[in-house]
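A.B. asks: All chains, please: the whole structure from these sequences, using the hints.
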Amino acid sequence: KLHSDLDKGVGTVKYTLSGDGAGTVFTIDETTGDIHAIRSLDREEKPFYTLRAQAVDVDTKKPLEPESEFIIKVQDINDNEPKFLDGPYVASVPEMSPVGAYVLQVKATDADDPTYGNSARVVYSILQGQPYFSIDPKTGVIRTALPNMDREVKEQYQVLIQAKDMGGQLGGLAGTTTVNITLTDVNDNPPRFPKSIFHLKVPESSHVGSAIGRIRAVDPDFGKNAEIEYNIVPGDGGNLFDITTDENTQEGVIKLKKPLDFETKKAYTFKVEASNLHLDHRFHSVGPFKDTATVKINVLDMDEPPVFSKPMYTMEVYEDTPVGTIIGAVTAQDLDAGSSSVRYFIDWKNDVDSYFTIDATEGTIATNELLDRESTAQYNFSILASKVSNPLLTSKVNVIINVLDVNEFPPEISVPYETSVCENAKPGQVIQTVTAADKDLSPAGQRFSFRLSSEASNKPNFTVHDYRNNTAGIETRRNGYSRRQQELYFLPVVIEDSSYPVQSSTNTMTIRVCRCDSDGTILSCNVEAIFLPVGLSTGALIAILLCIVILLVIVVLYVALRRQKKKDTLMTSKEDIRDNVIHYDDEGGGEEDTQAFDIGALRNPKVIEDNKTRRDIKPETLCFPRQRPPVEDNTDIRDFINQRLQENDVDPTAPPYDSLATYAYEGNGSVAESLSSIDSLNTEADQDYDYLSDWGPRFKILADMFGEEENYNPDKVT
1 KLHSDLDKGV GTVKYTLSGD GAGTVFTIDE TTGDIHAIRS LDREEKPFYT
51 LRAQAVDVDT KKPLEPESEF IIKVQDINDN EPKFLDGPYV ASVPEMSPVG
101 AYVLQVKATD ADDPTYGNSA RVVYSILQGQ PYFSIDPKTG VIRTALPNMD
151 REVKEQYQVL IQAKDMGGQL GGLAGTTTVN ITLTDVNDNP PRFPKSIFHL
201 KVPESSHVGS AIGRIRAVDP DFGKNAEIEY NIVPGDGGNL FDITTDENTQ
251 EGVIKLKKPL DFETKKAYTF KVEASNLHLD HRFHSVGPFK DTATVKINVL
301 DMDEPPVFSK PMYTMEVYED TPVGTIIGAV TAQDLDAGSS SVRYFIDWKN
351 DVDSYFTIDA TEGTIATNEL LDRESTAQYN FSILASKVSN PLLTSKVNVI
401 INVLDVNEFP PEISVPYETS VCENAKPGQV IQTVTAADKD LSPAGQRFSF
451 RLSSEASNKP NFTVHDYRNN TAGIETRRNG YSRRQQELYF LPVVIEDSSY
501 PVQSSTNTMT IRVCRCDSDG TILSCNVEAI FLPVGLSTGA LIAILLCIVI
551 LLVIVVLYVA LRRQKKKDTL MTSKEDIRDN VIHYDDEGGG EEDTQAFDIG
601 ALRNPKVIED NKTRRDIKPE TLCFPRQRPP VEDNTDIRDF INQRLQENDV
651 DPTAPPYDSL ATYAYEGNGS VAESLSSIDS LNTEADQDYD YLSDWGPRFK
701 ILADMFGEEE NYNPDKVT
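Going left to right, the sequence shown walks through residues 1 to 718 as the working numbering numbers them.
Read the hints as simulated data drawn from the structure, not as lab findings.
Fair warning: there could be bad hints in the mix.
[To be verified] In silico DMTMM-like pairs for lysine to aspartate or glutamate, Cα to Cα no more than 25 Å straight-line: (1) K62 x D113; (2) K1 x D20; (3) K439 x E319; (4) K349 x E316; (5) K61 x D34; (6) K271 x E227; (7) K266 x E227.
[Unchecked claim] Okay, the calculated beta carbon distance ranges per label pair: (8) D466 x Y558: 49 to 55 Å; (9) L488 x K700: 35 to 41 Å; (10) P220 x H281: 18 to 24 Å; (11) D359 x K700: 36 to 42 Å; (12) Y558 x S693: 25 to 31 Å; (13) K565 x D320: 55 to 61 Å; (14) D704 x L541: 31 to 37 Å; (15) D42 x H281: 36 to 42 Å; (16) N479 x I701: 40 to 46 Å; (17) D704 x P492: 23 to 29 Å.
We treat Cβ as the ideally placed atom computed from N, Cα and C, and that holds for glycine.
C.D. replies: This is the structure:
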């Protein structure tokens, strides 16, 4: 109510109201000044209003007093119940938690004025969820009320919480909310096998690494607390199998580590242990968190291919071994109960396999061709074995055959050397170091030796110094060399190896004499340099050489023409005069050797040679003179020659020394015709000189000479 002191109650004063809520919430009686609320007020909507009031003159409309401001405060009543603004709630607590374990704190809000009365004082209580949980009436903290709550027994709990104002007194307003509490898992349960023995049947043909069975231990826990690790307890058969954990199903997968063989062992028994990976130390007192079970595996018999006695065969054979030589054998057996026979054959893949054959029944491997280590040092192929009862069942094995070397090649100088020696070289100077190479497969420690050949060892030019490390040095043996006297030297070097049988070769090295300075540096080695001091140019030298060659050609042509004319003259006779040209390596004494043969006896048939020994030989033993029958004065020269020829043929003490036998003209129309040994046969067939071998050792050289001519069909001189 408003009232002005100037208001006498005669109606001359008018009251006005303005401000917050004037005219809408509040109104004023203009005459009395009474203020009224025209609608319900809600403190929770607006707790106070600020208004202004003024008294004015009714007639003049002028203010009688200054405007005054006042506040209307809305007094609270308990018209709002507590509310859980965050509800419903979700909470969790580990299973097996002790009493009083914190779960969650809830909070209810009351819109009433907390400063006025008990309208906003809230008290919490549990309407549903006892005796498992409890709540603090003032703070709203929810805790466990029972010990050892087991998730495996009950996992979800729904708790109904009430909040009541007025301090929980009768007449107070209340609000409720729901709290869903989940017991989280802890590893409080060990894994357990549902049965103590697991039986598995496995074919013996199962592959290594394949899964042959599954077993499972049950763990009521959840998540990582239910993760199980399986292990095979060492014992019978445990080394043949392995077990792993399937992460999705937590099953134990048994796998094969080694091949099974029904004929060797038909059953295996071993134990498997299941344990948790993540242990909780709070529950160690409960007992060991593991369990064991027995696994029995029965091996099933299967029809299997033959089995070789070795995973791989290695054999050795010498090169050039005769075809058909057995170098080894492979063996395979059928281990099944039926024990079928086995057949062997080579797995043909290329032409290399044709070098060997195999006996289909015995499995012996033999050479089919001659082997050459220098061509192929090793052969690698496969042998297949199949069962006679079931040829489709085959097994394969690899065979390696190493070809061993036979010392069949002599060592040779490894590279062609261009050796030179200075004209001013000193004795003992090394001019070249040589090495050797051998085509054979040199064994460990093989050594090569170097030396001069026998015909060169006595020459005073060069020598070979063997360093005994498979190298040798060519050394000079004299003081200085002259290119004008000899430009090239040919040095035969003999090289031997240390294998059996010993092989050697003679290698001829060409040594060129060169002009060098005082330090031994080569200045020139060509032929042109020899003639340079004379003042001849290269063109002049070439012209001189061409002239010499042309002159030599003319001389050769002239001699050939003269011989051809002489031959044509001799061939005019009706008789075909032939003779063998025989060359003896032993040189005769020449014309001055009067002791070789008495030519006078041939030219004068009248001469009587009584008791005259041959002078073209030197008998090893004392030989008495042979008696020759006297030659008649009128005997034809043909008889004399035949007599001498017969004496020479039957004389066993006369070796075939060189001698000069001149046959004079035998007379035209002689019945003996030509005395040539070539024309002694009526046919042109080769003569048989085998009888020379029967004449003793002194005719061995002649027999070998005519034997070679017969074998190689020598040319005939007509």
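A.B. asks: Compare the structure with each hint and give your call.
C.D. replies: Here is what the structure says about each hint:
no., hint, verdict
1, K62 x D113, "violated (42 Å)"
2, K1 x D20, "holds (17 Å)"
3, K439 x E319, "holds (13 Å)"
4, K349 x E316, "holds (21 Å)"
5, K61 x D34, "holds (20 Å)"
6, K271 x E227, "holds (20 Å)"
7, K266 x E227, "violated (34 Å)"
8, D466 x Y558: 49 to 55 Å, "holds (53 Å)"
9, L488 x K700: 35 to 41 Å, "holds (38 Å)"
10, P220 x H281: 18 to 24 Å, "holds (20 Å)"
11, D359 x K700: 36 to 42 Å, "violated (52 Å)"
12, Y558 x S693: 25 to 31 Å, "violated (44 Å)"
13, K565 x D320: 55 to 61 Å, "holds (58 Å)"
14, D704 x L541: 31 to 37 Å, "violated (47 Å)"
15, D42 x H281: 36 to 42 Å, "violated (59 Å)"
16, N479 x I701: 40 to 46 Å, "holds (43 Å)"
17, D704 x P492: 23 to 29 Å, "holds (25 Å)"
In the structure shown, a violation is registered for the earlier hints numbered 1, 7, 11, 12, 14, 15, in ascending order.
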